[in-house]
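Trainee: Each chain, written out:
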Amino acid sequence: MSIKSYDVVIIGAGITGTMTAFQIAKYSLKTAVVEAGIDVASGSTRANSAIVHAGYDAKEGTLKALLNVKGCDMMAQITAQLGVHYKKCGSLVIGFTAKDLEKLKKLKERGETNGVKGLRILTRSELLKMEPNVSKDAKHALYAPSAGIVCPYDLAYAVAENSASNGTDYYFEYKVDKIEYDGKHYTVCAGNQKIKAKYVVNAAGCYADEIAKMIDDDLPFEIIPRRGEYMLLDKREGKAAKHTIFVTPNEKGKGILVSPTVDGNIIVGPNANIVDSKADTSVTEDGLDEISKGARIIMPQINLGAVITTFAGVRPTPTSGDFYIQESKKCKNFIHVAGIESPGLASAPAVSEYVVDILKKCGLTLRKKRSYIETRTPNGNCKLFYEMTERERKQAIKNDPRYAKMICRCEMVTEGDIINAINRPISAHTVDMVKRRTRAGMGRCQGAHCRTKVAEIIAKELNIDISEVKKFSSNSNLLLGKTK
Amino acid sequence: MKKKLVIIGSGPSGLVCAMTAVKCGIPASDIIVLERENELGGTLNQCIHTGYLKNLTGTELGSNLIKAVKKLGIECRTETCVLSLTSDKVLTVISPKAGYVKIQAEAVILATGCREQSRGVLSIGGTRPAGVLSAGAAQRYINIEGYMPGRKTVVVGSTEIAFIVARRMAIEGGKVITVVEPKGAPLGDKKYIKECLRPFNIPFKLNHNVTKIYGKERIEAVEICQLDKKGKPIKKTKQKIECDSLVYSCGYTPDVDIAIDAGIRIKRDTKGPFTKRNFETTISGIFASGNAHYIHKNIDKIIKESVAVAESVAKYLQKSNQPKKEKKNEDNAHVNSENKE
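So the protein lines, in turn, are chains A and B. If you read the first sequence in this note's numbering, its first letter stands for residue 1, the second for the next number, and so on. If you read the second sequence in this note's numbering, its first letter stands for residue 1, the second for the next number, and so on.
The hints are simulated quantities; they were obtained by calculation from the structure and are not laboratory data. Just so you know, even glycine gets a beta-carbon here, dropped at the ideal spot from N, CA and C. A hint or two may mislead.
Said to hold, decoys possible - Below are the EDC-like pairs computed for lysine to aspartate or glutamate, each with C-alpha atoms no more than 20 angstroms apart in a straight line:
1. B:LYS236 x A:GLU285
2. A:LYS460 x B:GLU145
3. B:LYS212 x A:ASP289
4. B:LYS3 x B:GLU311
5. B:LYS212 x A:ASP286
6. B:LYS175 x B:GLU242
7. B:LYS238 x A:ASP286
8. A:LYS484 x A:GLU468
9. A:LYS139 x A:GLU126
10. A:LYS4 x A:GLU173
11. B:LYS232 x A:ASP289
12. B:LYS232 x A:ASP286
13. B:LYS216 x A:ASP289
14. A:LYS103 x A:GLU126
15. A:LYS398 x B:GLU242
Said to hold, decoys possible - Sample of chain A residues facing chain B (criterion: CB under 8 angstroms; computed from the structure):
16. MET406
17. GLN446
18. ASN477
With these hints in hand, go ahead and build the complete structure from the sequences.
Mentor: Dropping the structure here:
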């Protein structure tokens with residue numbers, strides 16, 4: 001059996017891995033991304049606060065500070081190019097006491113040192129004008145106009161689809177268990193499957209330490225899995241907050257936030273609890289209580305009765321406190337991109353450029369591709385029906401009447417949208433994959449109404465029996481065989 | 001397109017409204033019924049159990065109503081979704097057959113029915129694997145698709161549909177381990193406990209809730225816990241029960257998305273539109289009927305109301321088509337008595 005050979009293999013299809021693939025896809029190189037999960041953004045990228053942090057949190061002089069501010073600056077261009085929803089809504093850190101004000105001033109100074117523009121301390125009346133629902137006990141706030149919001153998996157899909165359209169190969173459910181090195185080439189193995197590469201990028205998120213061990217390397221820090229729980233509120237509450245609102249940070253971190261999302265919901269969370277398992281994305285009653293309390297400190301009148309879903313994500317927290325992006329000290333041409341916790345989403349564009357620079361220094365030849373596709377797919381950015389103008393809707397229906405067949409009324413998702421998602425460069429072949437690409441089932445009824453129909457469409461389009469359709473991964477069948 | 005009366009939804013309420021409207025003198029050619037699904041009949045299509053009117057099954061009642069409406073020559077469009085409704089009663093609708101269409105209506109009846117609430121399962125801790133589904137979805141899989149969503153099931157919530165689905169799964173050879181209800185009394189009519197649970201030896205527990213879901217890919221077990229008087233779990237009563245599915249049925253809420261987007265005011269208690277005594281919402285000429293108005297106890301009440309709604313609409317259309325006299329708003333002075341806040 002011949003083993004497929006690549007210039008670069010990226011381990012991990014989270015935001016860091018896919019963004020790196022996106023940067024590399026501009027050049028004439030053979031690249032592969034291998035992912036243990038069934039889809040892009042299966043780990044930390046799937047469940048986080050969806051915030052593009054401005055960059056005032058990270059300690060001066062750290063890699064985090066540098067890449068956060070730069071990544072935040074790059075976000076507008078990338079999201080515009082790929083048709084990803086991104087909103088520069090600005091963030092507010094509110095303070096209740098004189099002590100808080102001191103902290104806010106320090107945070108402002110730090111931000112300015114890091115290169116964050118436009119930071120301003122607001123008075124109570126300025127704050128209440130901008131956020132009428134915020135606690136009346138708040139006395140000051142640090143305003144960062146450059147902070148924003150973006151959907152993390154939508155961004156990951158966009159960059160992954162772009163790189164796939166430009167020739168990057170994606171391998172899913174490829175759980176790397178062994179890496180061999182012959183002094184020239186790496187063989188990245190997952191069970192019986194093997195691929196070869198000259199360069200490897202370790203962007204395995206929570207599992208980056210385990211990947212490092214496979215080449216007998218040890219990261220100079222530990223990766224602690226920290227779980228954050230969230231609640232998402234109905235779109236009808238979407239106007240409750242206009243900015244991402246934090247409380248003044250303490251030794252435990254940035255704390256619980258209340259923020260609008262790009263899709264018009266309100267997100268509340270996260271807490272930060274160390275968990276035993278890197279895969280423990282369960283929510284707990286106590287955790288939900290904790291974030292409810294936190295949210296009410298920011299916004300006492302917040303309508304938590306309008307919660308439409310709860311979820312949790314695990315972040316790879318490095319004990320060192322900073323991002324670690326370096327060539328392995330043990331093996332040449334093996335780049336670790338580890339400890340990418342918050343603000344990993346905001347930093348991702350800058351992180352990926354930084355990685356490409358390292359690859360270049362290692363000797364990788366970068367020659368621009370002649371026929372580079374700028375958009376998500378060769379057919380453009382695949383606007384969804386709900387995003388279209390009236391004229392675009394009429395045209396879409398004319399071209400394909402399935403765009404006139406409504407499947408998810410909550411989020412206005414049509415059969416056309418779903419079929420498009422199934423047939424895109426990285427095919428959505430499970431119900432959750434369709435959901436995250438189209439929003440079908442993400443509304444107030446959470447798929448009670450449309451999940452069956454989405455399963456029917458997947459079955460029809462892929463020519464399989466409906467009982468073979470999965471919720472997300474291999475063993476998550478929706479149905480258990482025929483009735484009598 | 002122009003129509004005197006547009007009815008949104010072809011469940012029992014929409015169909016009865018259409019039939020009655022013709023009886024009240026609105027020409028059939030001036031009426032159109034819009035249905036989002038592939039078939040007319042709404043939820044009736046998946047209700048193969050009896051108990052409708054004179055002990056018909058849901059599907060029988062549905063097919064009778066559809067026949068009657070078609071016989072009257074009323075146009076019914078399936079696979080047709082209303083994207084928006086304005087206060088001037090302009091509807092934007094899409095369908096694969098007719099494409100993108102605007103309809104100017106003189107009167108509109110919202111007969112969009114209701115949705116299942118998912119709120120009850122949101123506070124349950126644990127993971128979110130496959131095999132957690134609403135009673136309505138389970139019913140659809142079994143009765144329409146012919147597939148079993150689970151074979152070892154726990155049911156949380158006690159609406160009538162919860163009981164009926166539990167029975168349906170038992171009939172199909174599945175095991176329903178237990179039905180639990182967090183409150184102190186069942187949400188649905190008690191006669192269903194006798195008819196649906198007892199013959200199949202399905203235990204029913206009040207003051208119990210599912211407190212945790214286990215399973216990474218497909219559900220593997222749930223934790224069930226007794227609740228104290230304040231509704232808090234009594235920790236020592238925790239019990240882990242193996243299962244391959246969790247069916248929830250925590251009540252219904254009127255489907256009012258179109259109404260809200262149109263700017264119609266919604267009542268806090270019923271979660272349906274505010275209506276006057278003549279079933280007119282806060283926008284003149286737009287009426288609400290059936291479960292879209294508020295959640296009704298049973299089908300008889302829906303049908304009775306739908307008849308009354310159509311009669312009111314006929315009166316409204318007569319009035320608005322008369323040469324303009326001084327408008328008398330006697331109907332507007334009162335709030336529907338059954339629907340007081």
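Trainee: Give a verdict on every hint.
Mentor: Hint check:
1. B:LYS236 x A:GLU285: Holds: LYS236 (chain B) and GLU285 (chain A) sit about 16 angstroms apart, inside 20 angstroms.
2. A:LYS460 x B:GLU145: Holds, at about 13 angstroms.
3. B:LYS212 x A:ASP289: With a Cα-Cα distance of about 15 angstroms, the restraint between LYS212 (chain B) and ASP289 (chain A) holds, given a limit of 20 angstroms.
4. B:LYS3 x B:GLU311: OK: LYS3 (chain B) and GLU311 (chain B) at ~17 angstroms, within 20 angstroms.
5. B:LYS212 x A:ASP286: Holds. LYS212 (chain B) to ASP286 (chain A) sits at ~12 angstroms (cutoff 20 angstroms).
6. B:LYS175 x B:GLU242: 12 angstroms, holds
7. B:LYS238 x A:ASP286: 16 angstroms, holds
8. A:LYS484 x A:GLU468: 18 angstroms, holds
9. A:LYS139 x A:GLU126: Within the cut-off at roughly 10 angstroms; holds.
10. A:LYS4 x A:GLU173: 17 angstroms, holds
11. B:LYS232 x A:ASP289: 13 angstroms, holds
12. B:LYS232 x A:ASP286: Roughly 12 angstroms between the alpha carbons, so the hint for LYS232 (chain B) and ASP286 (chain A) holds.
13. B:LYS216 x A:ASP289: Answer violated: LYS216 (chain B) to ASP289 (chain A) is near 23 angstroms, above 20 angstroms.
14. A:LYS103 x A:GLU126: Holds - the C-alpha atoms of GLU126 (chain A) and LYS103 (chain A) are around 19 angstroms apart, at most 20 angstroms.
15. A:LYS398 x B:GLU242: 50 angstroms, violated
16. MET406: MET406 (chain A) check passes; min Cβ-Cβ to chain B is 4 angstroms, inside 8 angstroms.
17. GLN446: 5 angstroms, holds
18. ASN477: For ASN477 (chain A), the interface hint holds, since the closest Cβ of chain B sits about 6 angstroms away, which is under 8 angstroms.
In this structure, the earlier hints numbered 13, 15 are contradicted, and the remaining ones agree with it.
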